[in-house]
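Q: Here is how the chains run, residue by residue.
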Amino acid sequence: MMLARHAEDLFWAGRYIERAEDTARLLDVTYHGMLESPLLDAASAWRELLELLYLEQAFAAKGQPVTDSTVTEFLVLDPGNAGSIVRSVARARDNARNVRERISTELWEAINILFLELHARDLRADLEREPYQLYRFVRTRCQTISGVSAETMSRDDGWRFLLLGRMLERAEMTCRLLSVRFGRSSHAAVPSDVHYWIAVLKSVSAFEAYLRAHRAQIEPQDVLEFLLLSREFPRSVLFALRASESELVRLGGETAPSRPERLLGRLRADLEFMDIHEIIDNGLPAALDSLQHGILAVAEAVERHFFRAAAPPELHVFESV
Amino acid sequence: MRFEIDYTSEFKYPEPVWESQNLLRACPTSDAHQTLLHYELRTLPVARVHSYVDYWGTRVDAFGARAPHDRLSIHARSAVETRPSGPMAAAPAWKRLSDPAFIEAHLEYLAPSRHTAWNEALRAEAERRAAPAGADIVGVVLSLHRMVGSSLAYVPGSTAVGVDVNDVLRGRKGVCQDFAHLLIAMCRSLGIPARYVSGYLFSESSESEREPQVESVKVKTHAWAEIAIPGAGWWGLDPTNRQEIGPRHVKIGHGRDYDDVLPLRGVYLGGGDHKLDVCVSIRREAPAQQQ
Amino acid sequence: MTSDLFTDYQRGDFFDEVFDGQGEIRPHYRPLVDRLRALPSDELLRRARLRDTILRNLGITFAVYGEAQGIERTWPLDLIPRIIPADEWRHVERGLVQRVRALNCFLEDLYLGERAALREGVIPTWLVQSSAGFCREAYGIPVPRGAHCLVAGIDVVRDAQGTYRVLEDNLRTPSGVSYVLENRATLTRVLPLVFAQHRVRPVNHYGASLLSALRSLAPASASDPPRIVVLTPGIYNSAYFEHAFLARQMGIELVEGRDLVVDDHVVFMRTTRGLSRVDVIYRRVDDEFLDPAVFRSDSILGVPGLLAAARAGNVSLANAIGNGVADDKAVYAYVPALVRFYLGEEPILPNVETYLLWEAEQRAAALSRLHELVVKPVDASGGYGIMIGPKATEEELAAVRKAIEARPRSYIAQEVVALSRHPTLVDDTQRGGGRIEGRHIDLRPFVLSGEKIEVIPGGLTRVALRKDSLVVNSSQGGGSKDTWVLAADENGTSG
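Those protein sequence lines, which keep their order, are chains D, E and V. Position one of the first sequence corresponds to residue 1 (the working numbering), numbered consecutively onward. Position one of the second sequence corresponds to residue 1 (the working numbering), numbered consecutively onward. Position one of the third sequence corresponds to residue 1 (the working numbering), numbered consecutively onward.
Pulled out of the complex, with its shape left as it was, chain D reads as follows:
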């Protein structure tokens, strides 16, 4: 049992750190995908990325052309973009500061240092000169945060909410990645460009793991199956959902499963027992879409069930004659 407000802060800290990391990964892979396959149309690759992150409209509102620098700046350092890496890290830090008393000094410092270092860098120059270093920096710092939290937090409710936030965010981000990469009719025909699939696997650090499972055969269907349904690989959607579920179960402890638990259980079960050929035959875009909505519904249910208690701040004072 913990203060609803603290639980909410930890949940969102987890989500924002994961979001920052995953955004860096996606940027990395898009950028290098383009370097490795010069035939790929850069503008449409960036547009695809913006779509993936639900940020096409926000970017369009800026009235800038789609180029390497405008898009990467938007996604990395634009304080006006709520989904930028800089903003995600800032919010994670705010959340962490609110629960500073509950987390270890090391964890606070890991998050704070990421925040301070991002601010100290000339991000624009980094993006121009060596974006790879920057993305890698963000990725490794987030992985450090992950490691420090795992090593310094007791497995109490606070830990569970932190992990729940990260896993739900991860599941959703992977889903989105898949739905953009696979869900378009133009890719219904299997592209022969193997570099494309390598880029997809690398975006979730799954390349080597995939090869061990499938022995250098890069088939789009297998990639999809791996990233959706692998029980072993920690960034697959199923893995993330199962991890989320086990934390939710531990957070329950009541006589009947909570609503978020029921929603997530059903979602996970539907996914687990899917046949990959069935999915492809019956309509991949719809399946991925419904999965993604399912995850969002679970996140909302978590908010409502555990944090609803954390009240809205709008206070009205009145007097009457």
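Keep in mind that a hint or two might mislead.
[Claimed, not checked] Okay, derived cross-link-like pairs now, SDA-like style, lysine to any residue, Cα gap no bigger than 25 Å in a straight line: (1) V:Lys452 with V:Ser212; (2) E:Lys95 with V:Arg409; (3) E:Lys220 with D:Ser320; (4) V:Lys402 with V:Ser130; (5) E:Lys218 with D:Ser320; (6) E:Lys95 with V:Ala360; (7) V:Lys402 with V:Arg363; (8) D:Lys62 with D:Asp28; (9) E:Lys220 with E:Ser150; (10) E:Lys95 with V:Arg407; (11) D:Lys62 with D:Asp78; (12) E:Lys275 with V:Ser299; (13) E:Lys218 with D:Glu319; (14) E:Lys12 with V:Ser299; (15) E:Lys12 with D:Ser320; (16) V:Lys452 with V:Phe341; (17) E:Lys218 with E:Arg42; (18) E:Lys275 with D:Ser320; (19) E:Lys218 with D:Phe318; (20) V:Lys402 with E:Arg123; (21) E:Lys12 with V:Asp264; (22) E:Lys275 with V:Ile300; (23) E:Lys218 with E:Ser203.
It is worth saying that the hints were derived from the structure and are not from the lab. Since we're looking at a predicted model, the values are computed, not measured.
Got chain D; can you put chains E and V on it based on the hints?
A: Same frame as chain D, now just chains E and V:
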């Protein structure tokens, strides 16, 4: 006279309110001029009411509503018996106001307060109006009372709660709170202790003392003033209606000004801007004993 | 060169804590001074740096959370502790217990009793009624055991004769005790051998004592053990560090106003498993922000309906509402009279000589020597708004004179107390290890009104770090020292 009073407040909110906490001052007091016979409070949503007597001696009902609601009804019923007060017969000399014991006993009613902070212009006006009465305290008070009643136009809705009393004087209009505040400020500016009273007035159009009928009127809560007369206690004056307090006035409580005894205040979370309807109905009952 | 740090020490014309009138070291300081003298200068430098590292590691900060970058400023702690021998402390302690007992009686009488002190003219009614701290909303709110000042911080100084006098009472949300504990934790590691040579009374039981005092405040309907929380305004408050520290020490939850909710006049905490009842609140939020339903504020720091819950006897607040009337600077002058009235005893600790400017004779006398006195507005806090006569310009004196004549009830005047001085290390992280100079100090002991009134041994010794300054507040450049109260059977002899 005996009255049955029904005080009702209805809040309506455009969106559900998560929580509200309220403080109600609607219960008639018992003192030399009236006796409270019965008081009962109901709310919807149903709430546990905690009642207490505040620093000024007024009964307060505290209650909250925590289940989401878009409507809050407050219904207080009371029965009270009032007695006429005799005419003001005392005529103490002006210097009695400087008696240290008298001042000490009325400190809180001599100082300016949030709604009765007078400026030099107001004080000068008070002096001007008081001059003809000379050193007769009662005469001075009556002059001020008449001045307020005749100078101000009663215009409901013309002022918001908390309007500056100096602006009331300048603007020459207001509601009963403003009339009361102005009279109080003028008295205090001359060193005469005065306090604010919240209550109900059974106003009637006809003078029908001889045939007490059972009659019901719809009113708002009313405000008037009490002035401390050395050696004669508190003297109630209703400047809005230009009369002394009588058996038709039912007192809830007093304080330095409106802030200390306002009928209903509180907070709520969520809900948006509220709409509030207050309605008081007073029914005159036949007296318990026939004279 | 052997640095005898004390060779050039100027005692000056003040009561010095270490050196007596003949320049001899007071017996209870001898082991410390001997040890310091024996340290080579770079050793002292090393100790100062160790202290800084420890403080940084312990995360002791102040006013830090307001800074956007999360950069921490460490707390200025002087290496040389202040030492109080047992018999002196016994005297101070008795005086503090007596004073707090009388203050609790006064507050109980005022808000829940017959107001006897006013009726009998012990303290003027006008003073109480016009005090900004007099809180009419506190009237009738029950306080278990009459413990209005559950935690009191009473500021004590020593005058030129070495007499301990009370300078000021802090009865609302006194802060600083966390520094007392952290100073001790730090100094025992920086000067372990000196510490071991003395039998210093421990202070680290404060958390347990505070918890026990809070427990004893629980209302009748509380569970067993009672559920207690610390209510903080939040991370941007300058004392947030202490709120978090104390919550941790006591093993209880630190909450903000929005974590609490009142339902049917019972207070609950919002948790992930629903609402959990709260019985006692150690609140470090000021009165005016506690309950927006009662106090005129749209503050979100408070809890709507909290006061009604306290009235209904379902929750206890520490400290109680309305204590500001008793630590009012004007009421201060009457506290010795309150001690006599409520306890029938002579005050053990005197006030600083204070003149009531609303009494004609005292006002006339004060105005005739304004340049020699300190004038304080009745409502200030934190050391602002005070005029120190000997340091004031002609314009300032004239302005204050005018203000007093216009509103005599708004000011008091006091003799300038030549606060005692204590050897203090200046520039201690410079090469050469700094030097020792005298600096003015005061003392803030903390008094707990639990089942018994208890005083933590010593308290926070604050140091005016600027040369010749008398202002010790941390927000204006003050520092502190660890305060050692020696155990009873060691009367200051070494070994």
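Q: Keeping to a limit of 25 Å between CA atoms, is the pair of Lys95 of chain E and Ala360 of chain V held or broken?
A: holds (22 Å)
Q: Hey, Lys275 of chain E versus Ser299 of chain V, does the alpha-carbon distance stay inside 25 Å?
A: holds (22 Å)
Q: Given the hinted pair Lys12 of chain E and Ser320 of chain D, is their alpha-carbon gap at most 25 Å?
A: Roughly 14 Å between the alpha carbons, so the hint for Lys12 of chain E and Ser320 of chain D holds.
Q: Is the straight-line distance between the alpha-carbon of Lys218 of chain E and that of Ser320 of chain D 25 Å or less?
A: Holds. Lys218 of chain E to Ser320 of chain D sits at ~17 Å (cutoff 25 Å).
Q: Just to be careful, I want the Cα atoms of Lys220 of chain E and Ser150 of chain E compared with a cutoff of 25 Å; is the pair within it?
A: Holds, at roughly 21 Å.
Q: Please verify whether Lys218 of chain E and Arg42 of chain E have alpha carbons no more than 25 Å apart.
A: Given that 25 Å is the threshold and the Cα spacing comes to 20 Å, the pair holds.
Q: Just to be careful, I want the Cα atoms of Lys95 of chain E and Arg409 of chain V compared with a cutoff of 25 Å; is the pair within it?
A: Holds, at roughly 23 Å.
Q: With the threshold set at 25 Å, check whether the alpha-carbon distance from Lys402 of chain V to Ser130 of chain V stays at or below it.
A: Cα-Cα ~21 Å, so holds.
Q: Are the Cα positions of Lys452 of chain V and Phe341 of chain V separated by 25 Å at most?
A: holds (21 Å)
Q: Is Lys218 of chain E close enough to Ser203 of chain E, meaning Cα to Cα at most 25 Å?
A: OK: Lys218 of chain E and Ser203 of chain E at ~9 Å, within 25 Å.
Q: Hey, Lys12 of chain E versus Asp264 of chain V, does the alpha-carbon distance stay inside 25 Å?
A: With Cα atoms ~21 Å apart, Lys12 of chain E and Asp264 of chain V stay inside 25 Å; holds.
Q: Would you check the hint for Lys220 of chain E and Ser320 of chain D, treating anything up to 25 Å between C-alpha atoms as holding?
A: holds (11 Å)
Of the hints listed earlier, there is not a single one the structure fails to meet.
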